[in-house]
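Chemist: Spelled out, the chains give:
There are 2 protein chains.
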Amino acid sequence: MSKNHWKPNKETNVSVYQQIFIYIKNKIISGEWPDGFKLSSQRKLADEFDVNRSTIVTVLEELKSYGFIETKKGSGTLVTYNEESDFSLRTINWDSLIQSSIYESNNRVVQDINDFELEEQFIQLGKGELSPSLFPKSTMSQVLSSISNKVNYLGYEEARGFRPLRKAIAHHLRNHSIDVSENSVLITSGALQALQLISLGLLKTGSTVFLGEPSYLFSLKVFQSVGISLYGINMDKYGLNFLDIPYSKKYENRSAIYCIPSFHNPTGITMPSFRRKDLLKMSEQHNLLVIEDDVYRDLWIDTPPPQPLKSMEKTNNVVYIGSLSKTLSPGLRIGWVVANEQVINHLADIKSQTDYGTSSISQLIAYEWLKDNLYRDYLIEIRRELKFKREIMISSLHQHLSSLASWDIPKGGLFIWIKIEVNISIQRLYLDMLNEGVLINPGYIYGKRYRNYIRLSFSYASEDEIRHSISLLGKKIRSLSKLS
Amino acid sequence: MSKNHWKPNKETNVSVYQQIFIYIKNKIISGEWPDGFKLSSQRKLADEFDVNRSTIVTVLEELKSYGFIETKKGSGTLVTYNEESDFSLRTINWDSLIQSSIYESNNRVVQDINDFELEEQFIQLGKGELSPSLFPKSTMSQVLSSISNKVNYLGYEEARGFRPLRKAIAHHLRNHSIDVSENSVLITSGALQALQLISLGLLKTGSTVFLGEPSYLFSLKVFQSVGISLYGINMDKYGLNFLDIPYSKKYENRSAIYCIPSFHNPTGITMPSFRRKDLLKMSEQHNLLVIEDDVYRDLWIDTPPPQPLKSMEKTNNVVYIGSLSKTLSPGLRIGWVVANEQVINHLADIKSQTDYGTSSISQLIAYEWLKDNLYRDYLIEIRRELKFKREIMISSLHQHLSSLASWDIPKGGLFIWIKIEVNISIQRLYLDMLNEGVLINPGYIYGKRYRNYIRLSFSYASEDEIRHSISLLGKKIRSLSKLS
Numbered sequence: 001m002s003k004n005h006w007k008p009n010k011e012t013n014v015s016v017y018q019q020i021f022i023y024i025k026n027k028i029i030s031g032e033w034p035d036g037f038k039l040s041s042q043r044k045l046a047d048e049f050d051v052n053r054s055t056i057v058t059v060l061e062e063l064k065s066y067g068f069i070e071t072k073k074g075s076g077t078l079v080t081y082n083e084e085s086d087f088s089l090r091t092i093n094w095d096s097l098i099q100s101s102i103y104e105s106n107n108r109v110v111q112d113i114n115d116f117e118l119e120e121q122f123i124q125l126g127k128g129e130l131s132p133s134l135f136p137k138s139t140m141s142q143v144l145s146s147i148s149n150k151v152n153y154l155g156y157e158e159a160r161g162f163r164p165l166r167k168a169i170a171h172h173l174r175n176h177s178i179d180v181s182e183n184s185v186l187i188t189s190g191a192l193q194a195l196q197l198i199s200l201g202l203l204k205t206g207s208t209v210f211l212g213e214p215s216y217l218f219s220l221k222v223f224q225s226v227g228i229s230l231y232g233i234n235m236d237k238y239g240l241n242f243l244d245i246p247y248s249k250k251y252e253n254r255s256a257i258y259c260i261p262s263f264h265n266p267t268g269i270t271m272p273s274f275r276r277k278d279l280l281k282m283s284e285q286h287n288l289l290v291i292e293d294d295v296y297r298d299l300w301i302d303t304p305p306p307q308p309l310k311s312m313e314k315t316n317n318v319v320y321i322g323s324l325s326k327t328l329s330p331g332l333r334i335g336w337v338v339a340n341e342q343v344i345n346h347l348a349d350i351k352s353q354t355d356y357g358t359s360s361i362s363q364l365i366a367y368e369w370l371k372d373n374l375y376r377d378y379l380i381e382i383r384r385e386l387k388f389k390r391e392i393m394i395s396s397l398h399q400h401l402s403s404l405a406s407w408d409i410p411k412g413g414l415f416i417w418i419k420i421e422v423n424i425s426i427q428r429l430y431l432d433m434l435n436e437g438v439l440i441n442p443g444y445i446y447g448k449r450y451r452n453y454i455r456l457s458f459s460y461a462s463e464d465e466i467r468h469s470i471s472l473l474g475k476k477i478r479s480l481s482k483l484s
Numbered sequence: 001m002s003k004n005h006w007k008p009n010k011e012t013n014v015s016v017y018q019q020i021f022i023y024i025k026n027k028i029i030s031g032e033w034p035d036g037f038k039l040s041s042q043r044k045l046a047d048e049f050d051v052n053r054s055t056i057v058t059v060l061e062e063l064k065s066y067g068f069i070e071t072k073k074g075s076g077t078l079v080t081y082n083e084e085s086d087f088s089l090r091t092i093n094w095d096s097l098i099q100s101s102i103y104e105s106n107n108r109v110v111q112d113i114n115d116f117e118l119e120e121q122f123i124q125l126g127k128g129e130l131s132p133s134l135f136p137k138s139t140m141s142q143v144l145s146s147i148s149n150k151v152n153y154l155g156y157e158e159a160r161g162f163r164p165l166r167k168a169i170a171h172h173l174r175n176h177s178i179d180v181s182e183n184s185v186l187i188t189s190g191a192l193q194a195l196q197l198i199s200l201g202l203l204k205t206g207s208t209v210f211l212g213e214p215s216y217l218f219s220l221k222v223f224q225s226v227g228i229s230l231y232g233i234n235m236d237k238y239g240l241n242f243l244d245i246p247y248s249k250k251y252e253n254r255s256a257i258y259c260i261p262s263f264h265n266p267t268g269i270t271m272p273s274f275r276r277k278d279l280l281k282m283s284e285q286h287n288l289l290v291i292e293d294d295v296y297r298d299l300w301i302d303t304p305p306p307q308p309l310k311s312m313e314k315t316n317n318v319v320y321i322g323s324l325s326k327t328l329s330p331g332l333r334i335g336w337v338v339a340n341e342q343v344i345n346h347l348a349d350i351k352s353q354t355d356y357g358t359s360s361i362s363q364l365i366a367y368e369w370l371k372d373n374l375y376r377d378y379l380i381e382i383r384r385e386l387k388f389k390r391e392i393m394i395s396s397l398h399q400h401l402s403s404l405a406s407w408d409i410p411k412g413g414l415f416i417w418i419k420i421e422v423n424i425s426i427q428r429l430y431l432d433m434l435n436e437g438v439l440i441n442p443g444y445i446y447g448k449r450y451r452n453y454i455r456l457s458f459s460y461a462s463e464d465e466i467r468h469s470i471s472l473l474g475k476k477i478r479s480l481s482k483l484s
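From first to last, the protein sequence lines are chains A and B.
Here the working numbering is used: the first residue of the first sequence is 1, the next is one more, and so on.
Here the working numbering is used: the first residue of the second sequence is 1, the next is one more, and so on.
Just to be clear, a hint being listed does not mean it is correct.
[Said to hold, decoys possible] Cβ pair distances, simulated, as ranges:
{"#": "1", "chain 1": "A", "residue 1": "LYS150", "chain 2": "B", "residue 2": "SER100", "range": "41 to 51 Å"}
{"#": "2", "chain 1": "A", "residue 1": "SER229", "chain 2": "B", "residue 2": "ASP35", "range": "31 to 41 Å"}
{"#": "3", "chain 1": "A", "residue 1": "THR315", "chain 2": "B", "residue 2": "SER100", "range": "54 to 64 Å"}
{"#": "4", "chain 1": "B", "residue 1": "GLU436", "chain 2": "A", "residue 2": "LYS150", "range": "46 to 56 Å"}
{"#": "5", "chain 1": "B", "residue 1": "GLU120", "chain 2": "A", "residue 2": "SER146", "range": "17 to 27 Å"}
{"#": "6", "chain 1": "A", "residue 1": "TRP6", "chain 2": "B", "residue 2": "ARG451", "range": "49 to 59 Å"}
{"#": "7", "chain 1": "A", "residue 1": "PRO272", "chain 2": "B", "residue 2": "ASP47", "range": "30 to 40 Å"}
{"#": "8", "chain 1": "B", "residue 1": "ASP302", "chain 2": "A", "residue 2": "GLY31", "range": "52 to 62 Å"}
{"#": "9", "chain 1": "B", "residue 1": "ARG451", "chain 2": "A", "residue 2": "SER145", "range": "31 to 41 Å"}
{"#": "10", "chain 1": "B", "residue 1": "THR315", "chain 2": "A", "residue 2": "SER15", "range": "42 to 52 Å"}
{"#": "11", "chain 1": "B", "residue 1": "ASN107", "chain 2": "A", "residue 2": "SER15", "range": "21 to 31 Å"}
{"#": "12", "chain 1": "B", "residue 1": "HIS398", "chain 2": "A", "residue 2": "ASN93", "range": "47 to 57 Å"}
{"#": "13", "chain 1": "B", "residue 1": "LYS277", "chain 2": "A", "residue 2": "LYS44", "range": "31 to 41 Å"}
Treat the hints as calculated values from the structure; they're not laboratory data.
Cβ atoms here follow ideal geometry from the backbone N, Cα and C, with glycine treated the same way.
Based on the provided sequences and hints, a complete structural model is requested.
Modeler: Written out as structure tokens, the structure is:
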């Protein structure tokens, strides 16, 4: 090597070590220093590059770790690189990236169910959604036409959401005795995003969320993926039993209670007023944040549920979640969080950092529905339909499952939580029904303890489908119980 | 206390310790054991409750920690609770909850800018969005009308997104030499959500993302909030300089390069083909995931940018991001990720766990735009407009800032990155301009080193607004430089 040998530039940001590494690596990759090429001694390299020998040692170690060079006793340091071996070795290991990623994959059964729920050949007996036949097609078409003449621009909205929509939601909430201004309302992409924002914005790694068990949240990783634990709390006929929440200083200021007081998913239980008050009192005494998920409230069938916790509290501990997904349309992806303004502004900031806000067109549509009482009128119709479908399912259950299972009649919502009283494998039942083209939700996705439960929805399948598949369900349970 | 004293139930899930804690706490809260009431000795309590004395010790310690009781030398254990003091003490400390939460708040200056960007009284000279005057109102109105007759239901879509839209995007990408099926496409709520999904789904806490500096990502917490570090890499006139990326085993299989090869935000730089190839080669040699953010590609003004990295790679290392936000409408919130199917399925699963999918109505609208070439025709118009507005800004800059600042003319995108060559405080300039009703983006929100830069956008403000505010900018810079 000549006196005019390349030397690292000591006056740039790039470290001398890195420059030499790259220099040698490029010599090797370009083939200028081919496989078997013998490098100068460490001392000589240090001299040529005008650096300390220790720098050379470090560079050579790094090159070795990549397999570019090898040190052989007696022969010195040799290039061991050839292009083909390199490319065959070096591809990203996606499996390992995915498995070690921050967010965990969903439970496999739940992933399957999500897939099957989109397939039209199945009778959807578990799906927590209103039937497409109940979709208010003509009103929605009217709303879309009226919007088509008004849309002058679809830019980013304020992080909290379209103000007229927030006002309309605040107005709607007054029917439920929640009296807040639009500044306490944040529009989210459905209730699930509301939970994600709360987990990221109000809790910390190591926090605990107490929630009534069974729960659909056990099958999602929204909390667990950021290091928050779920702690299942027993439910009695009044819902989440607050007496079961462990009292310990370690949970203070770092925990939350998650509850669905009205028409709980999956049990259908509605918490009476006295339990709501006790739960609130407890949360106030122990500084526990309460996440009140009230997405089924508007789906009451017999009588409206008791007032929300949010309307009863004295201390602003309750973060309230609502949504149009269960009532009007899941595809709009419109939900909301109600909390004190400080919390709302913080959650809005996080939302703006994660997706820059919810679809403006969805917000415009939601606004049209809420502002003119289209939504209220629509709910009246839906209640009638739900009542009818609930009756059909209950009478089918009586006819076909009365000796095999037990259930309570929910006063609203979408679900009937059924305890199978004979000893069968629910997994087998789930698969057998699937084989017959009927999708039911096995209880164990709501908690390991619920191996003898299933969740049915009376809202999605048609009248005939319900009758047919409940009769089938009875037969399958009976035949499985004979096997066991 | 009588022989028939209450005793904890040893056969429930609730621990004996908890039951006793609740029992005593309720006695105190109810007032049955009032302030000053003396509790029985530990031994006697253990006897009455039929538990070990150690359990009683633990319960009393816990009660003390809440301030329900106190032990006084000589007087034993006394109730010290009174209801008022309790409620005044116990409110959630929201400040602390927010500050210790997982997701960090946005930079204060950026929060301000986000707020100001929504206020109509300001001239938006920094806003990275097309002007509402360019919004294709009549075509959008047509699209909405046509949809209004077709919407039969708005349910949850498949997690990856509405299949016809994914097909249309795959078709659109073929124009950019990216040849994938719809199974390699995931619909997201804009490009930012794509980044969030990648951070949660492909990286882990402790990972490093290398990115060209300056970057708008320094002002967001999308990566940092989940424990991923950003590592700024120098840019030269060809864009991100891959030679500056440190080579070390420790980054392998746990790092990514984030780049905007075409019309970089904020610098406007477009990476030439040779640099793209070198960057890819480097990523392949070192197993680095490449996140290619290509949201400005369709906004070329003079000539289309070189082919995307995604179209050139041999190894599937590139995760590609596109969006309609910069070109058609931010409010639709439609973006996409393109990657191998395994990655797409995993990211789709995470998406379904965080928001159950992007607005169906937004997806329908995007589909209408893409399927009939409405989008392509619209882009031709937009390019003409952008070219015109860029000329106006450049000529204004020449007129008013030629001796004060320097800049390159971007070949597309929305931004001009301006280096102020006189010694002034950019913060002061930002505030002075704000005072005059003009919003500019100070360089330091893109990295601490950029204290003498500003980012202007030629896309949002009107012709007159651009002329007026650039002239004002010249005056302000001049007067600030005289002060210093």
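Chemist: Against the structure, test the hints numbered earlier, and report the numbers of the ones violated in rising order.
Modeler: When the structure is compared with the hints, numbers 3, 4, 6, 8, 9 and 10 turn out to be violated.
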